[in-house]
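Asker: Quick note, the sequences are listed as chains A and B, same order.
Sequential numbering from 9 applies to the first sequence in this note's numbering.
Sequential numbering from 9 applies to the second sequence in this note's numbering.
None of these hints come from the bench; they were simulated from the model.
Do not take every clue at face value.
Claimed, not checked - A few chain B positions that, by computed beta-carbon distances, are all more than 10 Å from chain A:
id: 1; residue: Glu45
id: 2; residue: Ser50
id: 3; residue: Ile123
id: 4; residue: Tyr170
id: 5; residue: Arg203
id: 6; residue: Lys269
id: 7; residue: Thr306
id: 8; residue: Ala321
id: 9; residue: Arg375
id: 10; residue: Val377
id: 11; residue: Lys391
id: 12; residue: Gln402
id: 13; residue: Phe411
id: 14; residue: Val421
id: 15; residue: Ser435
id: 16; residue: Glu448
To be verified - Derived lysine-lysine pairs resembling DSS-like cross-links, with alpha carbons at most 27 Å apart:
id: 17; chain 1: A; residue 1: Lys342; chain 2: B; residue 2: Lys22
id: 18; chain 1: A; residue 1: Lys135; chain 2: B; residue 2: Lys22
id: 19; chain 1: B; residue 1: Lys342; chain 2: A; residue 2: Lys318
id: 20; chain 1: B; residue 1: Lys294; chain 2: B; residue 2: Lys269
id: 21; chain 1: A; residue 1: Lys342; chain 2: B; residue 2: Lys379
id: 22; chain 1: B; residue 1: Lys83; chain 2: A; residue 2: Lys83
id: 23; chain 1: B; residue 1: Lys135; chain 2: B; residue 2: Lys22
id: 24; chain 1: A; residue 1: Lys22; chain 2: A; residue 2: Lys135
id: 25; chain 1: A; residue 1: Lys135; chain 2: B; residue 2: Lys135
id: 26; chain 1: A; residue 1: Lys22; chain 2: B; residue 2: Lys135
id: 27; chain 1: B; residue 1: Lys242; chain 2: B; residue 2: Lys269
id: 28; chain 1: B; residue 1: Lys318; chain 2: B; residue 2: Lys379
id: 29; chain 1: A; residue 1: Lys342; chain 2: A; residue 2: Lys276
id: 30; chain 1: A; residue 1: Lys135; chain 2: B; residue 2: Lys242
Quick caveat: nothing in here was measured; it's all calculated off a predicted structure.
Where a beta carbon is used, it is the ideal one built from N, C-alpha and C, also for glycine.
2 protein chains.
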Amino acid sequence: MQELAISLNTKSHKPLYEQIYQHIREEIQNGRIPAGEKLPSSRRMSANLQVSRSTVDLAYEQLLSEGYIESVPYKGYYVCSLEGLCHMEFKEPEKKERRQSREERYRYDFAVSGIDPDGFPYNIWRKISREVLSEEDPQLFQLGEPQGEPGFREALSDYLHYARGVNCTPEQIVVGAGNDYLLLLLHVLMNGSSRIAMENPTYCTAGHCLEAMGCDVISVGMDESGMLVEELEKSGADVAYVMPSHQFPTGIVMPLRRRMKLLSWAAKAEDRYIIEDDYDSEFRYKGKPIPALQGFDTAGRVIYLGTFSKSIAPSIRISYMVLPMGLLEIYRRKGILFSVTVSRVDQKIMEEFLRGGHFERHLNRMRAVYKAKHDLMLGRLRKMEKICRVSGEQAGVHLVVHFVNGMTEQEAVRRAAGSGIRVYGISRYRMEGQKRYEGEAVLLGYSTLRLDELERAADALEQAWSDNKKV
Amino acid sequence: MQELAISLNTKSHKPLYEQIYQHIREEIQNGRIPAGEKLPSSRRMSANLQVSRSTVDLAYEQLLSEGYIESVPYKGYYVCSLEGLCHMEFKEPEKKERRQSREERYRYDFAVSGIDPDGFPYNIWRKISREVLSEEDPQLFQLGEPQGEPGFREALSDYLHYARGVNCTPEQIVVGAGNDYLLLLLHVLMNGSSRIAMENPTYCTAGHCLEAMGCDVISVGMDESGMLVEELEKSGADVAYVMPSHQFPTGIVMPLRRRMKLLSWAAKAEDRYIIEDDYDSEFRYKGKPIPALQGFDTAGRVIYLGTFSKSIAPSIRISYMVLPMGLLEIYRRKGILFSVTVSRVDQKIMEEFLRGGHFERHLNRMRAVYKAKHDLMLGRLRKMEKICRVSGEQAGVHLVVHFVNGMTEQEAVRRAAGSGIRVYGISRYRMEGQKRYEGEAVLLGYSTLRLDELERAADALEQAWSDNKKV
DNA sequence: GGGTATTTGTCCGTATGTATG
DNA sequence: TCATACATACGGACAAATACC
Numbered sequence: 009m010q011e012l013a014i015s016l017n018t019k020s021h022k023p024l025y026e027q028i029y030q031h032i033r034e035e036i037q038n039g040r041i042p043a044g045e046k047l048p049s050s051r052r053m054s055a056n057l058q059v060s061r062s063t064v065d066l067a068y069e070q071l072l073s074e075g076y077i078e079s080v081p082y083k084g085y086y087v088c089s090l091e092g093l094c095h096m097e098f099k100e101p102e103k104k105e106r107r108q109s110r111e112e113r114y115r116y117d118f119a120v121s122g123i124d125p126d127g128f129p130y131n132i133w134r135k136i137s138r139e140v141l142s143e144e145d146p147q148l149f150q151l152g153e154p155q156g157e158p159g160f161r162e163a164l165s166d167y168l169h170y171a172r173g174v175n176c177t178p179e180q181i182v183v184g185a186g187n188d189y190l191l192l193l194l195h196v197l198m199n200g201s202s203r204i205a206m207e208n209p210t211y212c213t214a215g216h217c218l219e220a221m222g223c224d225v226i227s228v229g230m231d232e233s234g235m236l237v238e239e240l241e242k243s244g245a246d247v248a249y250v251m252p253s254h255q256f257p258t259g260i261v262m263p264l265r266r267r268m269k270l271l272s273w274a275a276k277a278e279d280r281y282i283i284e285d286d287y288d289s290e291f292r293y294k295g296k297p298i299p300a301l302q303g304f305d306t307a308g309r310v311i312y313l314g315t316f317s318k319s320i321a322p323s324i325r326i327s328y329m330v331l332p333m334g335l336l337e338i339y340r341r342k343g344i345l346f347s348v349t350v351s352r353v354d355q356k357i358m359e360e361f362l363r364g365g366h367f368e369r370h371l372n373r374m375r376a377v378y379k380a381k382h383d384l385m386l387g388r389l390r391k392m393e394k395i396c397r398v399s400g401e402q403a404g405v406h407l408v409v410h411f412v413n414g415m416t417e418q419e420a421v422r423r424a425a426g427s428g429i430r431v432y433g434i435s436r437y438r439m440e441g442q443k444r445y446e447g448e449a450v451l452l453g454y455s456t457l458r459l460d461e462l463e464r465a466a467d468a469l470e471q472a473w474s475d476n477k478k479v
Numbered sequence: 009m010q011e012l013a014i015s016l017n018t019k020s021h022k023p024l025y026e027q028i029y030q031h032i033r034e035e036i037q038n039g040r041i042p043a044g045e046k047l048p049s050s051r052r053m054s055a056n057l058q059v060s061r062s063t064v065d066l067a068y069e070q071l072l073s074e075g076y077i078e079s080v081p082y083k084g085y086y087v088c089s090l091e092g093l094c095h096m097e098f099k100e101p102e103k104k105e106r107r108q109s110r111e112e113r114y115r116y117d118f119a120v121s122g123i124d125p126d127g128f129p130y131n132i133w134r135k136i137s138r139e140v141l142s143e144e145d146p147q148l149f150q151l152g153e154p155q156g157e158p159g160f161r162e163a164l165s166d167y168l169h170y171a172r173g174v175n176c177t178p179e180q181i182v183v184g185a186g187n188d189y190l191l192l193l194l195h196v197l198m199n200g201s202s203r204i205a206m207e208n209p210t211y212c213t214a215g216h217c218l219e220a221m222g223c224d225v226i227s228v229g230m231d232e233s234g235m236l237v238e239e240l241e242k243s244g245a246d247v248a249y250v251m252p253s254h255q256f257p258t259g260i261v262m263p264l265r266r267r268m269k270l271l272s273w274a275a276k277a278e279d280r281y282i283i284e285d286d287y288d289s290e291f292r293y294k295g296k297p298i299p300a301l302q303g304f305d306t307a308g309r310v311i312y313l314g315t316f317s318k319s320i321a322p323s324i325r326i327s328y329m330v331l332p333m334g335l336l337e338i339y340r341r342k343g344i345l346f347s348v349t350v351s352r353v354d355q356k357i358m359e360e361f362l363r364g365g366h367f368e369r370h371l372n373r374m375r376a377v378y379k380a381k382h383d384l385m386l387g388r389l390r391k392m393e394k395i396c397r398v399s400g401e402q403a404g405v406h407l408v409v410h411f412v413n414g415m416t417e418q419e420a421v422r423r424a425a426g427s428g429i430r431v432y433g434i435s436r437y438r439m440e441g442q443k444r445y446e447g448e449a450v451l452l453g454y455s456t457l458r459l460d461e462l463e464r465a466a467d468a469l470e471q472a473w474s475d476n477k478k479v
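Construct all of the structure, not just a fragment, from the sequences and the given hints.
Answerer: Right under this line is the structure:
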């Protein structure tokens, strides 16, 4: 039979198995599932509904005991004919939807950061967390190594190697609480005197952090392949901060040729480095992922920066960097003074999450979730061809929208706001005083909104932008 | 392919199928099973490993879903090539020589850092941890406030107020992963140009961190009341780093008079600050605790630094600082750029730990534990009056031992080592090149040793030090 | 060369242990 | 103590490919 689409409510106080049981019973009573039909196996059903098999088992067992279905061992469950069964109509009392009134100005926020609200793998995380805390290993609560737990770094280097093509040993990895912190640490390692080139527009938070530390942040132009290496060369920068896998905010994926050019720029001098922020590399919707820049680096000039903020949750604060050999030596002199900033417990949890393959399964799940949202938004926006076109759609969890009907970025943002929708102009990601990026565009992040919200938000957005009268 | 020799551990808490899965995955990742190779059939494997077929099935299924292997129906499972990822030579990191050998030379380690091995409140922590993760609050996994969770800061400010006499609102608190990090952040706030005075001897790690950041660290002498304010004045320092509640390593508690003098030094200029590291304030064995320096500060010149490293566990990495108003403004401009470095989950757990009164109960328990150890060691050392006398015994979890029989610090350390006991000479806590502190002494930390171990260690120590023949 | 036994992945229902409230 | 939910592990049945007589 077809897949049953049962809407389960985890938060409801009604047990899951009962919700399943009731739904199937109704289907049978209504004749929507005819007698003789085979029900989906408990495995299939549990996979569909994202619940444990035994939950489905319980539901089936109840149906069985009440004679709605019969079990044929090694084959499956089959719907009985209802003859002779008296059944009363049972009306579910309507539950009032408890809507939380939001005082927020915005009904929908196309935030470019953040994760899917239902995306956190609670169950596994809870389980691993419990396991780790149950070991009662006295060592676990003494201070750990400054670089991070050896076991965690090993699991991480395995993952980075096969999933991202990063070429490193666990010894090169430094674990830290967030990219900001790692940049801070890096700044200490580099003796605080770097001139850092960033693309324009870029991930300003990092730029402002670097400026706050006292770095010279230099804005370098970009074309459709990413940072312009010629300009970089002229800029006199020592360090280039790039996001080859998915540049923020443009969504540009740096092609191989440009990567090589960048690497040869770095190889030209001893004190040149590339900081590769492997932003959003986990989510790609087209083609195969390009391995990290770091994997092609033979001169030891690439510092690879990665995080679990996007792939798991921003709030768990686990990032990591891979240092080239030269910097590693400096780290061992100076960096080692600074204690690790991630809880040893959290590191252990993350290690198990990686080793148990949960991370990959989680990524696969999230990829599917984001793909659905991505496709929905892309479809909707492509229908609005009179108004806009889309770029940066190959990867990540946001789209870049350019207007073809003469609407300015500012106006698009204002109109959306007028309809209670928050969108983000790309201009806000230019470093201050750097107006070299001329394109106007709006960013639509779809990670934090649920599918049905996206649908409604897209409706409202279309209306707001289609409206011809000026606001 | 050949039979895989997987050593299964039935007793381990790790599921069988996961052990199988992990083993095979690692073999594939390391290339020990080449791409295209056929895995043993589930039957053969299950016979070999003496487990059920479906257990093997589960393991294979997981490998399948993650793309490590592919299934050819009625033929077998075959290892996939890790397609799409460039394959570079992956050097197997040679296993490092067990460093433990050096640490195992010591039977007993009177380490001055670390906590009681049985001291971590596993049960409550597990319970709260579970509760926090069970709430399934989607907000909890989005990025939190840079300063730390408002609720946590509120609980913290309450605690600091009544337990330490710290005078602050939650808005002044900045949460961070460890004192080192907070110093780093502070350095950014202070524009990286500070001349910092530290006592001598002192907590060198902090000193070296500050130096690595580029601070001028100036050593200032001390007497039995702590830092000499006259010298501080002459030194030209902007910032004084002190530990009034229990100076490390001397154990000196700064009396009120000296505190006031210090405060008036700071009040003399706009850019002068005192960093009050409230080290070990939680554990006092005599008299009532002196409130924090910060509570007496009317000029807004004290930065209060606290941590749960000693009171709960070093590895959980939760520290905090209280900024005076002037710095708070700067923080709101520059510091706010840096995301918080403590996991939001951990903050929530800690908040509950505070609010539920568990922290105080825990402290009481630990105070009793440490008091017992303290009294034991103090008693034993006082019996050795021919050899040494003790100082710094009012608070903390270590004692300072001065020798009265002419034994040098170096010799005391060596003799102890000869008996397999690790003790720490106080000289190692002088900043390099600063030899102004003339006293020789040895530190005995008793937090990480259990009572019975302490007993035996004290025996051995007495013998080693009593022994009159030179070593 | 055609039939048969074996091997294989796949799918199934079931039983048990454990965490949690 | 009991209800709920989940994870783990078990072994039987099936159909297609394959090896063997």
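Asker: When the structure is checked against the list of hints, which entries are broken? Sort them ascending.
Answerer: 3, 8, 17, 21, 30
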